[in-house]
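2 protein chains.
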Amino acid sequence: MRRWIPITQVKVTDTFWRERMDVVREVVIPYQEDILHDRIEEQEPSYAIRNFRIAAGLEDGEYYGMVFQDSDVAKWLEAAAYSLAVHPDADLESRVEEVIAVIEQAQQEDGYLNTFYTVKEPGKRWTNLRENHELYCAGHMMEAAVAYYEAVGKTTLLDVMCRMADHIDTQFGPEPEKRQGYPGHEEIELALVKLYRVTNEERYLRLAEYFIQQRGQEPHYFEEEARKRGEEDVKVTHGLWDYSYSQSHRPVLEQSTAEGHAVRAVYLYSGMVDVAVETNNEELLKVCQTLWQNVTKQRMYITGGIGSQSFGEAFTIDYDLPNDTAYTETCAAIGLIFWAKRMLQADLNGSYGDVMERALYNNVLSGISWDGKQFFYVNPLEVRPDVAEYRNDHRHVMTERQGWFGCACCPPNVARLLASLGQYIYSHDDEQITVDLFVGSEADFKVQGQDVRLHQETNYPWDAAVTLRLALESSVKFELAVRIPSWCRRPELSVNGEAVDLSQVMNNGYAALERTWEDDDIVELQLPMQPERVYAHPSVGENSGRTALMRGPVVYCLEEVDNGSQLRDIQCPGDAAVTESSDAHQWPWAVCLAFNGFRTVFPEQALYAMGQLEYESVSVVAVPYFLWGNRGRGEMLVWLREC
Amino acid sequence: MRRWIPITQVKVTDTFWRERMDVVREVVIPYQEDILHDRIEEQEPSYAIRNFRIAAGLEDGEYYGMVFQDSDVAKWLEAAAYSLAVHPDADLESRVEEVIAVIEQAQQEDGYLNTFYTVKEPGKRWTNLRENHELYCAGHMMEAAVAYYEAVGKTTLLDVMCRMADHIDTQFGPEPEKRQGYPGHEEIELALVKLYRVTNEERYLRLAEYFIQQRGQEPHYFEEEARKRGEEDVKVTHGLWDYSYSQSHRPVLEQSTAEGHAVRAVYLYSGMVDVAVETNNEELLKVCQTLWQNVTKQRMYITGGIGSQSFGEAFTIDYDLPNDTAYTETCAAIGLIFWAKRMLQADLNGSYGDVMERALYNNVLSGISWDGKQFFYVNPLEVRPDVAEYRNDHRHVMTERQGWFGCACCPPNVARLLASLGQYIYSHDDEQITVDLFVGSEADFKVQGQDVRLHQETNYPWDAAVTLRLALESSVKFELAVRIPSWCRRPELSVNGEAVDLSQVMNNGYAALERTWEDDDIVELQLPMQPERVYAHPSVGENSGRTALMRGPVVYCLEEVDNGSQLRDIQCPGDAAVTESSDAHQWPWAVCLAFNGFRTVFPEQALYAMGQLEYESVSVVAVPYFLWGNRGRGEMLVWLREC
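Same order as they appear, the protein sequences are chains A and B. First residue of the first sequence? That's 63 in the numbering used here, and the numbers climb one at a time after it. First residue of the second sequence? That's 63 in the numbering used here, and the numbers climb one at a time after it.
Hint data in this document are derived by calculation from the structure and do not stem from the laboratory. Hints are supplied without guarantee of correctness; some may be wrong.
Since copy identity is lost for identical chains, a pair holds within one copy or between any two.
With a cut-off of at most 20 Å between alpha-carbon atoms, the simulated EDC-like pairs for lysine to aspartate or glutamate come out as follows [what the hints assert, rightly or not]: (1) K359 with E666; (2) K539 with D492; (3) K240 with E580.
Here the structure is a predicted model, which is why all the values come from computation and not from measurement.
The shape of chain A in the complex, shown without the other chains (with noise of 0.2 Å):
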């Protein structure tokens, strides 16, 4: 198993990333930090840090705020300790430690923690596992912990959060005096990998590998505690159709195709990778992989985007992929950065990678604005903002990125993945590194027993240039895989100026390259970029008779700032060029596309018209995906009528 770089190990340099990681870092955590202190006048109040006081005992008051309002607190701490990792700020620790003691204070004597069943349903614990989040914040809280700790060293959160996970230890589990019971929401069993990892205890990869299997057993156990409850009608799923929303349709180990409630599929199947790792369970592992080619080669948007309709949030047939009602959350995508990253941990594929970046810098920096102020929960692929706003089976749908969300979900988990993402450059173990992200960047590895640092200089996703040097004490022997990303028609590859003959070393996607390093090795990689037509199945009824641009791993869309409106009209002939332009823009940096296209010429006040029609000439303009709505409100489309 291929290790993750421990977060204090890697400095992210990128010209591309560091400003969205110092967006993250001086805006989003910052506003975060005032939105869960309830400091900011214009939002509602979160009540987040004073549920948290109040459970303590240091203010009075009610509960307020989501059954998951605890996690929106973990989350914060998680990407404030990601960015302590990099950035030292003597003052942002304190103030994380102040949150920190509050936490410690409304943890029980027994080492529960959940400040909606201590304040607002004492005496209701684990009563309500099918839709109340105690195990799902308690899994945020883990992740902030073993992150604070990976961070700073310190292991204030840590202790707190064993004390919950053993606490939780003696609930659960297949003893007759324990619940045979599971979250509803799926996020615990990842994270108490992690905490396996930092502590070692064996109890908690136990619990996670629990969790997971009891999964859709029978009896149901969301059936035995609605019993519990007293409730007549067991299978109700507050109107959702059935178990399949919770992924507990059946046990995992039975389940082939992607079902349900997209954000906690792929938390599920990341800790179900993480198990199958840690206890060599190849019969789940390949329940994974078998997941993985329905989602990606089935249910996924070339965005990276997951979950094809609002009703349940959730993944829905094969092929239904509908561009306007898309659900496609930034969380969703989010989590399968999560699970692509753990896939590649247990087998190395550069369709894992490639999944990896095209969720990456499509569908979750789509997520939040260039100046990370606000937010998009929904990702479609076309907007048309009359239709968007009026119609009712649109009402997921926002025109324009939101301040921040009631169910507050998105724009934290944007700031803990981009704090966090040197963690998703490299993978490595004794013997490997894998380069997986084209990411400027300094990391330092131990392998075969020995330091290796590895330094990354890209312009990526903009230039085709990616060089990466190596600094050793000593010669090492070890395999550098290089990913070779599946849209690259012509890549090439030179060690220390010598040319590699790709076709020799091409090993699932990945360049491994096997030698003795030297100090001052030098890889330099070429992958160079055009702007491609890309084609979507034809059971995607939605796209067909439509390309979509892209380059490099970057989607391209056409707005109505640029390009006037009916946007569906414009037609890009399919034997147009598609050249690189630049200008015209905010973002100078930015490789935009255009083409000489065509409008239909109509006849006046006719709805419907027989006969040949006419066409003119149009100058089009393609923006990158990620930048859209950030100049105002307009329409906007990724998959292009071809004529």
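With the hints as your guide, set chain B onto chain A.
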């Protein structure tokens, strides 16, 4: 004002329509009668007749069914009456009389008639016009009363409904002691005008006018009555945005776009035209014309369907015409025909006849299976069964016609429209006969004081020829105005074998033949039909890059049973010859269409692929849209991808 031809004075002899009308008479009306009497075991009991028996004191029991259950009985009576008018049937007539006798006994002392309020909510009459359907049910029963009176000359039901109308007149009006209300669901307006026309009782016309003009006035009646019911939030409109749902968002004279529930809207507009022509209200007629332009130039499907959204069964915004989530209720297309027919009476213009024809041959006929036993409520222009059956935002779309509906408005509405089709073929006044539809028939008019018999022969909608023969006692001067459909590129017309220069006689889409007609004069019309490609306005995003095939008034579609699945991928080359075919179907008389198209050959197992795609040739068959779904579950598509 041109008048309706009395139902007894027109006999439909048409090949195409006679069979449909026989199906209505032989299958639909008897089946519906069984439903109303709860004699169909496999269907939920309707309680429709039983509610009347209970209200009449003939039976004990509770009210059951929708609040508008009475209208089901009314619509059946109306259809049965039309059938009796041209197809006397003593048994049916006596059964109708039995039902009328029960209705008469269910009528209250003061004339009030509504079984819901009489049985279930005594004392609460007229307290919730917004949501309950007292006036709506009364309207339908008035229409039945007029139809039965005109069909067989009996006043049994007419007397009942005049008493009810008189009672309503004591309850509603501008006088302070009356209620300043109007129905939540329009229908009574047009019915009162019908009642006025047979009784000559001006009060009924004034009442219709009052209901129309009072609509949407401030203070808003629906708020007043909600306040009287003791409700706090008097603006609540059961989850639907605002008063536009029931066209009461503003006074009708201030309305310029079609809003809200589509059936309600077109019933209202029909009543508005009736009142406008009877009271010579030019301003009101102008509003009707403006609304007509809005509906037919911005908000109507190519099939004559209206109502783009399931939520509220409603119009949405201009050019929002999604194909697969269309609501396009059968009743709404029927209401559009009611409205078109009335517009034609007020304002002779071919566009009204064109739309009437469009709705009739497409959205209305698709609402009933060829054998008359199953029905569509919703008539989408595309169905992908897997998607429609899975997705929550497609829940209203049935992939196969259903036996009957809990809310059984559409099947009896189809029955009453088709049974009265004769009335839609012609209009006339003292100096003019208009031929609005091409339906083989014999009709008797009184023009200039003389009897005129007009005999129409045609094999429309399949063949070009329409022959009109006049039978006169003696020569008489009048205008015979024959609609020339706008789809026809090269119409030809001759009188007694002599060609008429159409450019000299065309007037708003009608060939106006004014002359002194002799007995046995023959007008021969040629309306050459050929497969045509039709395109939608570029603002209809769903159809960009797509074409619909039509031939004459008939819209065509592809079905999976003929062409395999993934219909959206089938490409119809812009230069492909679309030929007529009639093979291989269970309907040898129907003209089908065929062309050589292409399908995409896509890399196996890929979801997205770069670069040039390959295509393979396929033979494609298109069938009339009105025949779709008669051969089992499968995909259907109207708007074809053009390449």
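Here is what the structure says about each hint:
Taking the shortest alpha-carbon separations for K359 and E666, only the inter-copy value of 10 Å comes in at or below 20 Å, while the best intra-copy value is 43 Å. Only within a single protomer do K539 and D492 lie at most 20 Å apart by alpha-carbon distance; the minimum there is 10 Å, versus 105 Å between protomers. Proximity of K240 and E580 under a CA criterion of 20 Å is satisfied in neither setting, with 56 Å inside one chain copy and 99 Å between copies.
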